[in-house]
Amino acid sequence: MNEPAPKVAPMESPARKSAGAALVPGAGEQRLYGLLAEFETPGAILAAAVRVREAGYRWWDCHTPFFVHGLDKAMGIKPTILPVLVFLCGLTGATVGFVLQWFTNASSFDLWAGVWVRGYEFLISGKPVLSGSVYPIIMFELTVLFSAVGCVIFLLVLNNLPRLYHPCLKSRRFLRATDDRFFIVIEARDPCFYREKTETLLESLGALAVEPLEQ
Amino acid sequence: MTTLALDNTFDDPTRRAPLVLGHDEFSTVTEKICGVNEARRAPRAWYIAFAISLFFTGILGVMILYLFATGVGVWGNQNPVMWGFPIINFVFWIGIGHAGTLISAILYLFRQKWRTAINRFAEAMTIFAVICALMFPSIHVGRVWVLYWTIPIPNQMELWPQFRSPLIWDFFAVGTYFTVSFLFWYVGMIPDLATLRDRATTRLRAIVYGIFALGWRGSIRHWHRYERAYLLLAALATPLVLSVHSVVSFDFAISQLPGWHTTIFPPYFVAGAIFSGFAMVMTLAIPARQLWGLKDFITLRHLENMNKIILVTGSMVGYAYIMEFFTSWYSGSLYEWFGFANRAFGPYAWAYWIMVSCNVLVPQIFWFKAARQSIWVMFIASLLVNLGMWFERFVIIVTSLAQDFLPSSWGYYVPTWVDLLMLAGSFGLFLTLFLLFCRYLPIIAIAEVKAVMPKAHAHESEASR
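Residue numbers (the numbering used here), protein chains in the order written: chain A, 1 to 215; chain B, 1 to 465.
Rather than coming from a laboratory, the hints here were simulated on the basis of the structure. Beta carbons are placed, not taken as given, at the ideal position from N, Cα and C, and that holds for glycine. Treat the hints with caution; some may be incorrect.
[Unchecked claim] Among chain B residues calculated to face chain A with C-beta under 7 Å, some are:
1. I220
2. H222
3. E227
Produce the complete structure using the sequences and hints provided.
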């Protein structure tokens with residue numbers, strides 16, 4: 001989870017009272033991560049998501065086997081910054097493409113690039129050393145290369161992946177999130193989270209089942 | 001209209017043809033596609049095909065060792081034909097790859113939802129074809145131990161690549177193409193790898209698929225960025241795929257040789273690449289859907305659509321062949337005109353007419369709906385197109401080099417047994433990688449197929465209440 005964080009520190013949150021409650025009486029160290037609600041159809045989760053959002057929750061998420069169109073809007077997710085980052089990567093690629101060709105083929109000064117390197121004025125059949133007309137090809141290739149690599153890296157960084165552990169993945173029920181079921185998870189750190197109240201809400205939304213998740 | 005309809009090849013525009021047949025539930029889709037990877041044993045045909053492919057891959061390895069140990073003289077490349085089989089095979093394989101990117105990127109941008117059933121293995125095909133393609137110029141340089149000179153890295157000789165050369169553009173274009181295709185393929189596969197992880201019955205499968213699934217858990221906050229990233233990658237791959245074969249064609253078009261020095265080459269090469277790539281997709285899809293019973297996903301309508309693309313691109317290639325002749329006649333250049341007349345009626349006329357009949361005449365059969373829907377017709381046609389497109393590269397490279405300006409330097413190119421075994425070996429490598437992919441990775445984009453099922457469309461009324 002890396003959406004804009006609610007400006008309430010979890011320590012002072014009223015949720016602490018219920019979140020801190022042990023899952024199993026006597027097992028004090030196992031803390032509640034959140035509540036998992038299972039839905040059967042994309043329509044059901046879309047309707048439920050609208051209600052959860054209206055109830056004022058911030059620290060919650062939907063998990064679906066495929067991208068359910070409109071669910072991101074229903075949840076109130078803001079447009080991602082990813083395209084801007086990719087554009088900047090592309091600009092970097094174009095710049096690198098130009099500087100690389102200009103420095104290596106049309107200059108004669110020293111440059112520090114890890115080690116000292118020297119440009120070379122490559123004279124081919126009397127053409128000008130700075131032959132701009134051939135540069136766009138490699139500039140284009142590097143623009144695409146930098147953009148694509150940057151796109152994947154920032155996709156993973158913004159999604160906080162790779163991540164090999166997550167409380168959701170411990171639930172047997174949650175295995176169907178990549179198959180045919182749709183889940184809503186409301187985290188215990190949400191300021192609006194009270195275990196009984198949240199459980200009642202989720203059940204009222206038509207969830208097939210609601211179960212607690214351990215940290 | 002029921003979604004369980006068994007025939008979706010109708011042409012009635014008032015009805016939306018279903019993209020998935022015989023499945024109304026998401027779980028049966030998962031079950032069916034994952035079943036390919038989860039079966040304890042692959043079909044017998046898989047083992048036989050794998051053994052044969054592996055054998056030819058071994059031959060390729062031995063041939064490369066022989067080449068390195070002896071030198072490029074083991075090939076038939078000689079003055080004046082310095083670019084023989086290695087470059088023919090390079091251009092052939094790189095062309096094969098183009099259909100994968102067309103299906104995954106261009107059809108995505110055009111909202112062609114039928115692509116979801118075929119994009120995954122078409123992309124895999126792209127990657128394996130580009131691996132085969134990259135191998136040939138790398139070994140063709142002769143001094144393989146200085147291959148790194150093509151990379152602009154600081155070195156003690158203060159030596160830089162010469163960026164006015166189309167061969168260095170090629171290095172950047174094909175390298176970028178491989179990287180971007182691989183990223184596109186892998187990013188598309190992450191949700192499906194998570195599906196395989198969650199269905200794993202053994203610890204090993206859970207760990208291996210788990211590592212490659214990167215902890216994907218279908219969060220909508222992730223999906224939201226993922227969909228945007230996928231769109232961006234498609235938008236980047238689209239101009240890239242058009243540029244790659246254009247850059248490959250520059251290797252020829254930038255030179256002064258009659259038959260190569262033509263401005264029609266970039267679009268002509270791109271059309272030919274897509275044409276040959278679709279033929280290869282057909283060649284692989286028809287046995288694969290048969291072997292693993294995937295006819296519900298790769299339906300007859302998908303095959304028919306691909307046949308239509310083969311017809312269109314085949315006709316574009318035919319137009320380019322005619323236009324080349326017109327241009328050379330219209331140029332008034334003796335050498336140009338000789339170059340083309342020599343192609344069609346000279347010592348390599350046999351290769352030229354194989355090319356024309358396979359690439360231009362064979363696809364014309366797809367004007368008939370019955371042919372577009374006949375498995376055997378399309379399978380044989382796809383094999384012939386593959387053959388024809390290989391010969392196209394043979395004709396372009398060999399005929400132009402063998403008889404150029406000076407009759408005293410003319411020659412006749414004959415490949416050696418090493419050339420032939422290397423070509424066979426590259427098919428072995430390609431098929432070995434493809435068969436391994438079919439066995440261990442999801443060959444159909446599970447999450448994407450689910451998203452195009454009628455059940456996936458959430459009813460807006462429920463949301464807005």
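With 7 Å as the cut and Cβ atoms as the points, is B/E227 at the interface with chain A? holds (5 Å)
Would you check whether B/H222 satisfies its interface hint, that is, whether its CB is within less than 7 Å of any CB in chain A? holds (5 Å)
Supplied contact hint for B/I220, tested at 7 Å Cβ to chain A: holds (4 Å)
Checked against the numbered hints given earlier, the structure satisfies every one of them.
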